[in-house]
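Use the sequences and the hints to build the structure in full.
Protein chains: 2
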Amino acid sequence: MSRLVMKFGGTSVANVERIRNVARHVKREVDAGRDVAVVVSAMAGKTNELVAWCKEAAPLYDQSEYDAVVASGEQVTAGLLAMALQQMGVPARSWLGWQIQIRTNDAHGSARIESIEGAGVIDGFGRGEVAVVAGFQGVHAETNRITTLGRGGSDTSAVALAAAIKADRCDIYTDVDGVYSTDPRILSEGKARRMERIAFEEMLEMASLGAKVLQVRSVEVAMVHGVPTYVRSSFDDPANPGEGTLICNEEDIVEAQVVTGIAFSRDEAQITLRHVADKPGVAAAVFMPLAEAGINVDMIVQVVSQEGMTDMTFTVVKADYDRATAIIEKVKDDIGFASMEGAKDVAKVSAIGIGMRSHAGVAARGFRALSEKGVNIRAITTSEIKFSVLIDEAYTELAVRTLHSLYGLDAA
Amino acid sequence: MSRLVMKFGGTSVANVERIRNVARHVKREVDAGRDVAVVVSAMAGKTNELVAWCKEAAPLYDQSEYDAVVASGEQVTAGLLAMALQQMGVPARSWLGWQIQIRTNDAHGSARIESIEGAGVIDGFGRGEVAVVAGFQGVHAETNRITTLGRGGSDTSAVALAAAIKADRCDIYTDVDGVYSTDPRILSEGKARRMERIAFEEMLEMASLGAKVLQVRSVEVAMVHGVPTYVRSSFDDPANPGEGTLICNEEDIVEAQVVTGIAFSRDEAQITLRHVADKPGVAAAVFMPLAEAGINVDMIVQVVSQEGMTDMTFTVVKADYDRATAIIEKVKDDIGFASMEGAKDVAKVSAIGIGMRSHAGVAARGFRALSEKGVNIRAITTSEIKFSVLIDEAYTELAVRTLHSLYGLDAA
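Taken in sequence, the protein lines are chains Y and U. The first sequence begins at 84 in the working numbering and counts up one residue at a time. The second sequence begins at 84 in the working numbering and counts up one residue at a time.
Bear in mind the hints are in silico, worked out from the structure with no lab data behind them. We put the CB at the ideal spot given by N, CA and C, even for glycine. Hints are supplied without guarantee of correctness; some may be wrong.
Here are the in silico distance ranges between beta carbons for each label pair [as the list claims (entries may be wrong)]:
1) Y:322 with U:350: 42 to 52 Å
2) U:338 with Y:132: 47 to 57 Å
3) Y:189 with U:84: 52 to 62 Å
4) Y:171 with U:188: 50 to 60 Å
5) U:188 with Y:132: 32 to 42 Å
This is how it looks when you write it as structure tokens:
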């Protein structure tokens with residue numbers, strides 16, 4: 084019997100009527116003879132309500148209490164979906180993180196799954212029972228306290244559960260019908276292309292570089308465990324669902340394209356230090372204090388040194404910009420630089436494709452096309468299967484459209 | 084160090100501001116040097132919202148899923164109160180039913196507590212930590228599933244926890260400032276009397292007979308384990324709270340009165356069967372089918388038989404009246420009776436007092452006083468420490484006032 088994990092997010096379970104619709108999707112798979120585990124998020128809006136109460140109760144709330152409060156949202160959805168399934172004649176029971184058990188480390192609020200005990204769920208399959216699993220939550224085995232995986236963590240719950248119970252597939256139901264070559268809203272109507280398949284590595288870059296369809300961590304887990312993962316729409320007719328996009332191994336993609344997708348993020352801010360002494364230890368002097376403050380640095384670019392001095396540019400997320408510049412100002416004497424410049428009106432545009440590994444000059448063609456459109460490139464980073472450019476935010480759409488068209492991604 | 088359990092109901096924790104007020108009450112006791120466990124209900128209205136979703140998801144919902152959904156309400160309050168306490172500098176942590184563990188049988192939706200493992204809470208006391216316990220919920224040890232104790236179960240959670248951790252006292256904070264000689268709303272302003280002390284047995288009768296201040300089961304548990312239990316107001320100034328009413332052993336009450344309180348319930352319906360054959364097995368023929376349908380029968384009165392025939396009167400709660408009469412009609416031939424009469428416009432008024440044990444004629448004086456006021460008595464039941472009369476509902480206030488005054492309960 085084939086084994087399937089299905090995952091439904093907050094908008095798909097926003098009220099009882101939608102939960103019933105989810106039950107119809109599940110019933111379809113059960114009727115097709117599959118053993119099914121369903122992972123659910125909290126009803127849309129519920130998590131925000133709970134978080135607001137936490138902030139009201141204690142501005143600097145205890146993360147372990149936060150987890151106890153917030154995990155209740157998924158608990159409610161799991162129970163309601165189990166009921167709705169039973170009502171349709173499909174045997175089902177709810178499973179909370181501590182019941183399964185989904186064991187995590189003790190990093191409350193953003194815990195990582197360490198192991199999942201799948202025996203209870205599999206026993207349930209033997210009784211013909213659908214397992215309805217509360218996503219986003221786990222338990223820290225030593226303290227026996229509830230943990231949460233952080234926002235979007237239900238995707239990770241689903242993929243990790245699929246790996247634990249050796250499911251043939253994990254279907255992530257969301258409010259879009261698959262992974263697109265770029266955000267459809269940024270192109271002319273109908274020009275973005277839904278991919279039938281995308282490689283794990285590509286999806287990982289897409290998610291990391293701004294595509295919001297899946298949480299980065301869930302793609303990592305799928306890749307490590309080789310769980311074929313579909314992205315599908317929960318708003319399709321349950322009797323006749325669309326195909327979605329399959330995230331799979333590179334080898335399973337027949338016609339690989341050089342560039343698969345264009346991602347972008349407006350959530351960037353640029354900081355440039357002028358006339359930094361180009362000597363050992365200076366990078367550490369800049370980046371250690373930021374790391375200690377929990378600030379992630381993304382792109383880092385250093386120009387070739389002239390007379391022992393260099394310019395250093397890096398990006399942080401916009402929300403961290405003010406804190407980052409304050410920290411740099413404080414350690415100015417340790418670093419030694421002439422001036423600091425910054426910009427918050429910047430964006431990062433990236434082209435991703437495993438084909439870049441075997442094709443030369445892919446990035447260079449992109450830089451030329453952008454310059455022909457008058458897009459000024461502030462910084463560049465590349466990896467084996469992607470390149471990213473930092474540009475003025477106002478040119479975001481133009482840059483995405485230019486690259487999308489250049490690499491032959493526009494739908495016919 | 085003295086050990087205290089405090090319990091706060093739904094209206095006392097209806098929003099974060101009120102939860103903060105609860106935290107102030109708790110802090111006062113901690114500052115007084117006590118080890119404190121606090122039991123909380125769901126925020127007022129939350130349980131109703133959750134129950135409504137269950138009914139929408141599945142009209143005949145699975146009780147074990149219902150428990151998983153509904154128990155989330157207390158979970159949220161427990162986390163929020165722990166945060167609010169920490170914010171005031173009081174170390175605290177939340178405990179869910181399965182974490183403590185509060186073990187129950189598997190009667191989902193109305194489970195009974197079988198045992199409570201108090202070690203974790205007591206260890207927390209050793210670290211100077213307030214235990215914030217989600218009321219109303221437990222866990223069934225064999226299945227590891229969440230159970231709930233049924234409406235009002237948080238009172239029982241609190242008293243049972245007090246017994247388990249050998250607390251010196253259990254304080255039940257509610258929206259009234261104690262137990263009154265009768266419902267103050269039914270008498271002229273200020274005539275009802277707040278009792279300083281009341282015996283467990285009396286409180287048990289009061290709760291069973293319609294006083295809503297405490298859940299019956301919680302009084303039973305307090306009585307069996309001898310837990311001195313205060314009923315107090317959560318709306319008192321946390322810095323200067325009122326005294327409330329102490330429920331305690333009979334021996335601890337110095338000036339016992341003959342009658343302590345007058346309770347009443349309008350939630351009664353009367354059914355009378357005329358000309359029932361007075362032979363063995365007839366009572367079983369009437370009451371077994373009702374019991375099998377889960378209908379509780381309260382007062383049962385059978386008049387002395389004449390020529391082998393008798394009349395039989397009993398009461399059920401109003402909500403069960405239609406089902407009960409339909410069942411009796413169906414088994415009419417098995418029972419054998421001439422006609423069935425019923426009335427929903429009836430009320431039960433009761434006088435309670437341990438002094439009745441040693442004083443004769445207490446009930447008789449009551450019956451006479453009622454008849455002098457023209458109150459027609461439809462049925463009477465008595466026990467060692469109470470008597471109840473079934474009367475026309477319209478006479479409820481008159482009957483309560485008459486008895487309250489007769490037994491010297493009116494406040495000066």
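Hints, one by one, checked against the model:
As the Cβ distance of residue 322 of chain Y to residue 350 of chain U is approximately 48 Å, the hint placing it in 42 to 52 Å holds. For residue 338 of chain U and residue 132 of chain Y, the Cβ-Cβ distance of about 51 Å falls inside the hinted range of 47 to 57 Å, so the restraint holds. About 30 Å separates the C-beta atoms of residue 189 of chain Y and residue 84 of chain U, a value inconsistent with the hinted range of 52 to 62 Å. Remark: the range hint 50 to 60 Å for residue 171 of chain Y to residue 188 of chain U is contradicted by a beta-carbon distance near 30 Å.
In this structure the supplied range 32 to 42 Å holds for residue 188 of chain U paired with residue 132 of chain Y, their Cβ-Cβ distance being about 34 Å.
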